[in-house]
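Chains as they are written, first to last, in this note's numbering: chain H, 1 to 330; chain X, 1 to 330; chain B, 1 to 318; chain V, 1 to 318.
None of these hints come from the bench; they were simulated from the model.
All the given hints hold, so there is nothing to weed out.
Pair by pair, the computed Cβ-Cβ distance ranges are: (1) 9(X) / 288(V): 50 to 58 angstroms; (2) 251(V) / 80(X): 32 to 40 angstroms; (3) 27(X) / 250(B): 48 to 56 angstroms; (4) 52(X) / 8(V): 50 to 58 angstroms; (5) 52(X) / 264(V): 27 to 35 angstroms; (6) 251(V) / 311(H): 57 to 65 angstroms; (7) 27(X) / 256(H): 58 to 66 angstroms; (8) 251(V) / 8(X): 29 to 37 angstroms; (9) 10(B) / 261(V): 53 to 61 angstroms; (10) 251(V) / 55(X): 20 to 28 angstroms; (11) 80(X) / 307(H): 31 to 39 angstroms; (12) 8(X) / 256(H): 56 to 64 angstroms; (13) 302(V) / 186(B): 55 to 63 angstroms.
DSSO-like mimics (lysine-lysine), calculated; alpha carbons at most 27 angstroms apart, straight line: (14) 11(H) / 198(H); (15) 11(H) / 183(H); (16) 11(X) / 183(X); (17) 183(H) / 250(B); (18) 250(B) / 11(H); (19) 183(X) / 250(V); (20) 183(X) / 198(X); (21) 183(H) / 198(H); (22) 250(V) / 11(X); (23) 11(X) / 198(X).
Simulated coverage check for chain V against chain B, where a stretch passes if three residues somewhere in it have a Cβ under 8 angstroms from a Cβ of chain B: (24) 154-164; (25) 186-197.
Virtual Cβ for every residue (Gly too), placed ideally from N, Cα, C.
Read off the chains here:
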Amino acid sequence: MSAPAKSGSLKFWQGVNQALFEEMERDDATVLIGEDVARVGGPYGITRGLLDAFGPSRVRDTPISEALLVGLGTGSAAVGLRPIVELMFFDFAMLAADQIVNQAAKYRYFTGHSLPLTIRTMCGAGGHNGAQHSQNIEAWFCAVPGLKVLMPSNAADAKGLLKSAIRDDDPTLFIETQGLLTKRTEVPDGERLVPIGKAAVRREGEDVTVVAIGRLVERALQAAEEVEDEGISVEVIDPRTLSPFDAQTVIDSVRRTSRLVVAVEATAPCSFAAEVCARVTESCLEEMDAPPIRVTSPFINIPTPLPLAEARAPGADDVASAIRACVGKE
Amino acid sequence: MSAPAKSGSLKFWQGVNQALFEEMERDDATVLIGEDVARVGGPYGITRGLLDAFGPSRVRDTPISEALLVGLGTGSAAVGLRPIVELMFFDFAMLAADQIVNQAAKYRYFTGHSLPLTIRTMCGAGGHNGAQHSQNIEAWFCAVPGLKVLMPSNAADAKGLLKSAIRDDDPTLFIETQGLLTKRTEVPDGERLVPIGKAAVRREGEDVTVVAIGRLVERALQAAEEVEDEGISVEVIDPRTLSPFDAQTVIDSVRRTSRLVVAVEATAPCSFAAEVCARVTESCLEEMDAPPIRVTSPFINIPTPLPLAEARAPGADDVASAIRACVGKE
Amino acid sequence: MSPDDQAAEARLARYRRMRLSRRFEETVHEQFEQGNVPGPLHLSIGQEAVAVGACAPLRRADAIVSTHRGHHHCIAKGAHPDRMMAELLGRATGYSRGRGGSMHIAVPELGILGTNGIVGGGIPIATGAAFGFQVEERDDVCLCFFGEGAAANGVFGEALNTASLWKLPLVMLCENNVYVEMTHQSVHVAGEIWRRAEGYDMPGVSVDGNDVDLVAEAVAEAVARARAGGGPTLVEARTYRWLGHFAGDKAAYRDEVEVAEGRAGDPLPVTRAKLDPALADGADEEVEGEIAAALEFALQSPLAGEDVLAVGHYAELA
Amino acid sequence: MSPDDQAAEARLARYRRMRLSRRFEETVHEQFEQGNVPGPLHLSIGQEAVAVGACAPLRRADAIVSTHRGHHHCIAKGAHPDRMMAELLGRATGYSRGRGGSMHIAVPELGILGTNGIVGGGIPIATGAAFGFQVEERDDVCLCFFGEGAAANGVFGEALNTASLWKLPLVMLCENNVYVEMTHQSVHVAGEIWRRAEGYDMPGVSVDGNDVDLVAEAVAEAVARARAGGGPTLVEARTYRWLGHFAGDKAAYRDEVEVAEGRAGDPLPVTRAKLDPALADGADEEVEGEIAAALEFALQSPLAGEDVLAVGHYAELA
Ligand SMILES: Cc1ncc(C[n+]2csc(CCOP(=O)(O)OP(=O)(O)O)c2C)c(N)n1
Ligand SMILES: Cc1ncc(C[n+]2csc(CCOP(=O)(O)OP(=O)(O)O)c2C)c(N)n1
Ligand SMILES: [Mg+2]
Ligand SMILES: [Mg+2]
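Based on the sequences and whatever the hints tell you, model everything.
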């Protein structure tokens, strides 16, 4: 197998795959390691073709040792590589939390040297894998100085952000979303780097600002369509980078709309949604005409059957109701 | 050595020590395990006397295996014990995150059975132990369904909350604060259980509500004194339990004062302080006369020299300035 | 009853259990292909002798900890096919209310502390159960099933070290089925897992995992040692994963010769051959009845609805 | 220069390094007692032969990963006493700007990838450095120091397994100083650590850690194997921790006889005895001068101020 066509309409996973191909072609110091990433091209096929293209030294299947995996990235980055480490599911990052937070994230602080490490993982309840294979713990890592946390919501950003992450000289945590893997978007031709730390305004509007990440971006856009007929004009912002968070873009928007809804797949407590509410109300509470509303998953575990998992996850309808509540049109 | 006097003025660590004694006396199913908790009574002496009192089967020194430690608690709780597991520093909980979050916290959900496990650990920059021995990651665990997260701010609550945690039939994470270990408070005589999930109003006031946890409670009270002379009346609330969070007590207070300041030792992003701001503004933004203000540590690592660590941590003066800013008296 | 009769009876029971596990999984696999299984399915077909042999020396009060591939473990320890089938088919009558599925089956009252979605995640819990038994001065033991891939998770070494130091009543049973997801064990295992016991000052043995009697023998010895306070044992049972990693995985990454050889080790015929054919036929019939009833029970049960989502997170709300 | 002369010169250099480490720590210990060390101090006095012997076969381009007790490792790999002293005394001129202290010293340009506050935390990083060397097809190696207590951290087994599978140029050096914080190693270690290598299909050796030449020999063999693509080796060096776990710990939990026996293994006199006394005296003098200069440098340097707090977290702000 080889890399998929370079442009046109791509699935999310193909955007990731292309970014990996292009960056590994571009820089020999780039390596990819993870469980089943090489021979079979990943449990979800995301890394297919890379072993054939770059060989067994740079693309390696590893044992089931998540903590070691991140250390392999940190140590090799410290001696000159630009490693990409895949942690199959975000839930498994818990096994490597020490290596990510106490080691990789603090390396520059302790040594004064760069650590060009990219950790890729996959979050969310888009599969039927249950409570230990679907969690969204991005907020944990947004609380860690030294790390950069990225969560693209479409194929184009997946490709452009991952390329930026790989070239970045700090440890980055690149979070793919299970529920988006096969979603298509147009991906512009040629080299395109999405800047780290810059939010994207997905849709402009006047009445309410909806901040959404990952899978909720598409749902927020659907909700925006839905309420448009009801005369509600919605602005949708996708931060894309969760840390450092481009709060200014959101605050400027809320200053105009005077209303905020935040939609994430995680549970509410201490989530990125909580952070957005805090940052925005700290800066412009007086300019707000209504309380902010968080649209999140309920504070319960993720069930295995997909219909139940989907019932638990916030949908476009939940975002739409939140928008209506926020503008007082229930 | 034996247990310290049962009442009067106690240091924070003594409150913990007494709770351990009383609960281990009360229930033979209670065991204590951790690194150096037995023979030397803990690196900070918190568990002194317990080995002599309860013997080497129920009080055990363990190897340096944090993930296993939590599993020892989960497995033994599953077969009838009421274990207390000490993780020396909160930072080390990262090595056990899978066992805490993917295993212990989900046990009841998967099995329908109780899991009376108590995990004790110590947070904060009160020592000179640096960036890997001083972190506040309580927010991570507030995001986990199935866990209860407790953070006492004085000896009396340390004792009463720990007793409740040990008797509780769910996994609890009991967070001690390095900067409080030797602080004294009056501890009432006799058996006193502090209820889980109930906030304490430490000081009543009219103009602004300050929500503070752990080490910041005392500092918030100092700040309240300080600004009182300036004619600012401050209400100070100590949630004590971070999850489940007693939001109602805080919301009722803010409805009266119309102003909110939240003070924690952690860094701001996705912290418990963010959650409080979100919960409160969601519920009563219209009743607020000023933006909420978070008083936190800056988003940087914790330095080793104590003077620098203290300079980084939020102080009473920081809380006082936030209060003044909040009431518009700068 | 003469020793011979007892042995014969025991062997029949073992055969029956293996057959029950085999037919359970074949049946649930069919259901999967018909779209009736709303979750992932990791099948253990071909590995039945490991589970049944290892659980043979256990008592009801003993505990086991299982893995993501644990149907055979649960059945071997006495889980009811009907409630298991219901769980896998997402029915409210399942062991986990139909919301957990294959990787979240637990029956604590039978000593089944749970299958697990985290590879190696059960190892510390098993060690903890053994610790609990020791503190309670019970002579019960905990049997920990894990795959050769799981041995790469650091908790494996953590468990061996402390279990050996504390002489915990723990039997670490490595079920080596040659594959770790889609890669051969040689990608994952340096040396041989059972040999790692020595470095932790505990006994380690390797056994033919397709011979239920040999597995039972090896584990019985380990269990006896554990009950007597002699501490843990590491047992590696060699078997083969017949099917793909999960239902739906065609396993094109394996060559046919290897698969054919692997399947040739089918544990059922060897055991059946040692039985009175009439008794064996009778066992097969019983099993068919039990499986049919289990499937019926599951299909008759209501699908788990949204009402199961929120329950059972905290004692207060349990 | 004749082989004998070379050997003599090498031994003198080793003695000098050990002496430098010893005097560095004695000096910083005094400073600690005078209240001039604003952080924890884990002293390695008595263990110098392990660090100096292990680093003897290394080149500048080789890497080492150290621990919370790593002054001797850093000095053995060539770290400058002045900047180390400054770091421990909290001075802005220290290797980590005076904000890291003893557990956060790193000099990547000398291949010193860092001491570490997390016990075992450096093990995966060392494995990663060896992985990096292999991919880059350099014949450099990584030497990973860790204590016998750290071997209980699961990453130890994870590292051995993958290092052995990938034949990484890694030398795992377990510095067994008999104590793990305030408890004897027997509370922490089942069996003997060096014996765990076999279970991962790699060589393991045990060596007298108080004889710098024996340590150098054992590690040289491991390094040669690693450079030649022969993969990792586990070396356990037996020594003794003379002082408490940290400066200030009276270590009342140890009995005097044991401590006396431990101190009898002092690595310096044995080596010194093999030297030309005049040369040894000269070395001692040089060391005194170097240490005096280092202390002077540190005391003359400004204390790290709040201006060091925010710098160096991200590339943009570095
Ligand atoms: C910590 C963790 N890492 C990775 C996975 C993904 N995964 C599921 S099963 C599996 C292979 C397990 O192999 P083995 O232990 O041999 O068990 P088997 O599947 O052969 O029964 C992997 C890597 C996981 N579930 N948990
Ligand atoms: C993960 C982790 N757990 C616990 C500690 C606390 N701690 C610091 S040093 C130490 C003992 C380490 O013993 P050993 O590995 O033998 O090294 P030594 O101190 O003897 O040099 C412990 C438990 C820690 N720093 N990190
Ligand atoms: Mg396997
Ligand atoms: Mg030691």
